[in-house]
Amino acid sequence: MNNLLNILHIKKNYITDKEEIEAIKDITLSIEKGEIVTIVGSSGCGKSSLLSILAGIEKATSGTFLFHKENPIIGYMLQSDALFPWLTVYENALIGLKISKKDTLENKEYVKSLFRKYKLEEFMNKYPKELSGGMKQRVALIRTLAIKPDILLLDEPFSALDYQSRLAVSDDVYNIIKRENITTIMVSHDIAEAISMSDRIVVLSKRPCTIKKIYIVELENKQNPIENRKAKEFSDYYNKIWKDLDINV
Amino acid sequence: MSEEAKKIIKKKKNQKYLIHFIQLLIVVLFFVLWEILANQKIINPFIFSSPSRIFKTIYTWTISGEIFIHIYTTLYETILAFVIGITLGLIIAIMLYECPILAKIIDPFLTMINSLPKVALGPIIIIWAGANTKSIIVMALLINLIVSIMNIYNGFLGVDETKIKLLKSFGATKKQILRYLIIPESKRTIISSLKINISMTLIGVIMGEFLVSKKGIGYLIIYGTQVFNLTLVMSGILILLILSFLIYECVAYLEKKLS
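Those protein sequences? They're chains A and B, same order as listed. If you read the first sequence in this note's numbering, its first letter stands for residue 1, the second for the next number, and so on. If you read the second sequence in this note's numbering, its first letter stands for residue 1, the second for the next number, and so on.
Excised from the complex, chain B in its bound form (with noise of 0.2 Å):
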């Protein structure tokens, strides 16, 4: 490698570490700030809550255990409400594509649902599924799944018409064609749909949680909230934003690995 090669990665590299050190840099001067504007009573510590209230709430919760109770529950209500969506939604895409009379159909409804603010369907889910986790995964499913569908079924309607028409010359079936081509085409496609749906179903489990639940981080912030306890909802929402942040980038992980 010639020296000039060797500065430029060098460069490169010290430009990388400089990016992460500003990004810390905000991280930490916006939590400073925040302290301090709070301890000189600058902003309403009450309804603002503090930096050191906030973690001195979450190293309680630490100590007690209590916290990995509504980690694991909300963790738990988003895997599995993810699990089923991708594959009622990979199921009902292929059925469609199978289908064309039916996707016909179904479109304008499949457009109606996704247009429709699914927390309003809230109070009837709970009535219909009970106050349950029930509830939840069902709000989840509501919002992650449409979306999964259209964007599955999209993949399959992007195949490339010659390699249909290659594997048809072949005598293919329409389930070989489905098997040997329409699936891996996609393949792309449905994982990167898996980051849209994981984000999704963050959502929707969290509204459900507002709306039902006796455990759970979304429940952690409600009751924060039905008590006025803000040191409870900002930490909840702390909790939340580094659950969340640390789920999807283990999909990107996953897709970087499936693809």
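So that you can see chain A by itself, here it is in the shape it has in the complex (with noise of 0.2 Å):
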């Protein structure tokens, strides 16, 4: 196994005016590459922690993780697009690369050839306000594709979509991870979305969060996600996760 991402004992506590409370208690995981991992767990369990430490946007309390490759680049796609309003499409799409300060003539033409793939091209000059839900949430993509990525994080990048949309955009995205061979980590709470794209589920317990269980997914047939809807055992793998996450509605 080609081993990308090694994630060790981490421990995340927030600290409040008055309280310490404990988020996620013990996370131990290890990412392949080129793999779709999704961690689900019920709203506010920590999941969405655990993707901000490895953006390096938060500081784990202890623990750590381990990259099997040096300056590893991350690409970190939020629920919102967060699109900037007052820049086109593309010069949103650039904005990591200018940041990083990369954008260099052929990274835009990369990011130019990533709009042209993707069927974006004539919105490029646009402004986010004139693009649909789920095209704004693809350019978020091009956005974090621009950086080259060595490893995805999707903090529930669909969540803010309706239903229909949701389920073409995230056929899309699928499409464009495996198609660039992209390792991802997926935080969702949807857990049909999470049978439906993932190589394997990671199931988390309540906050203070551990991991519960790890599902391996296999499909007969697996497709896309919109197809391996249909797959025989997508029911039984839901049943399942759906016990283990113990809703009490």
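Hints are computed from structural coordinates only; laboratory data are not their basis. It should be emphasised that the depicted structure is a prediction, and the values quoted were computed from it without experimental measurement. There could be a bad hint or two in this list.
What the hints assert, rightly or not - Distance condition first, Cα-Cα at most 27 Å in a straight line; then the derived BS3-like pairs of lysine-lysine: (1) B:175 to A:108; (2) B:174 to A:108; (3) A:33 to B:165; (4) B:6 to A:129; (5) B:165 to A:59; (6) A:178 to B:165; (7) A:206 to B:165; (8) A:129 to B:165.
As the list claims (entries may be wrong) - Calculated from the model, a selection of chain B residues having no Cβ within reach of chain A, i.e. all distances over 10 Å: (9) 119; (10) 165; (11) 231; (12) 245.
Where a beta carbon is used, it is the ideal one built from N, C-alpha and C, also for glycine.
Each of the two chains sits in its own frame; use the hints to bring them together as a complex.
Below, the structure written as structure tokens:
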């Protein structure tokens, strides 16, 4: 196996004015190159914190993570597209390169090629408000891909979309990730989305979270997410994970 | 375009003209009534003056060119205090944003200074800054600066956290976050604070002129009061009314252009 990332005993406590809240108790996980791992858990269980830590935005209270690559580039995609309304779609896609001072001609060409590839070329000079929610999310993905990430962290990237665009965009994103062969860790609270997109599913317990179970998703005839939802093993996984999450409504 | 749509558009246009007409009518009626009342001595023209006297005074001033010195003085002081206020406001707001502890420390002081009627500081300002233009600018700054700082700073705080997170994930430095996100995102707040700022500045400048100056519209008004020449006072107020309206419109135009 080709190991890319080892997460070792990550622990995260948040300290407010009054108390200390334990968000992540202990998470140890290894991520293989090229796989899509989805972390599911009830809301507020600390799954987004884990991504923030991996993205370098927050610090873990203890524990560490190791990339088996020097200076890994991390692509981070959030719930909202977070596009800047005062920039064109193309300028938005360049923002990561600009910040890391890698906006060379070559990289700009690469971004343009991504726009062509994902059929958004004609919208490049438009402003975000002129695009649909699904398109905006695809631009957000191009913005993330522009920096040529070694690993992609997706924090509930489709949760702001309506159900139909959600299916379509997750299909798109899945195809893009697979085509570019980018290792991906996704956080989701949607079990169906997790099964349809991932190679592995990590189920987290309630806060303070630990890993409750890991599923290797094996579907007969694994295809794109929409088709995967029709697989006969699908409901089996669904029921098991639903039980693991122990959701009380 | 359909006949129906044309009719509606025409009706809307007519309504607009009607509104302008009524507005103009109110102004004319006001002056006419004032003139008649003063002429018939129903109101004391010595205390209330009259439009004909006011217009005559303004006309004489215009011919002699004297009025332009006063307009220029007030305008110059206003623009200077406005530019300094906005620039300092922006710089201080950035400092507060970059250093949250500093923001927390000076927060009660800002509120305190903001709630103090600044005119109370007038006598001290004259002693400290001298009886000159400097005092007027300081007075105007006292009034416009705190509001500018608070407005711009609150605009900064309102920036979407997700966008900050995104830039951080690209490894952005504080300076880059400020440059690529905070400033452009708060542009609208900054621009809308210009309008508040210009009104505040004008209050400060006139107040300053009341206290120290030898030139300017504020001076005209206070001088008129001292010699009990109410026509002078009213003329000054009328000119100030027009001037402040024009300045406000200029800033409103600037705001429209920028956003």
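Earlier hints that do not hold, by number: 4 and 10
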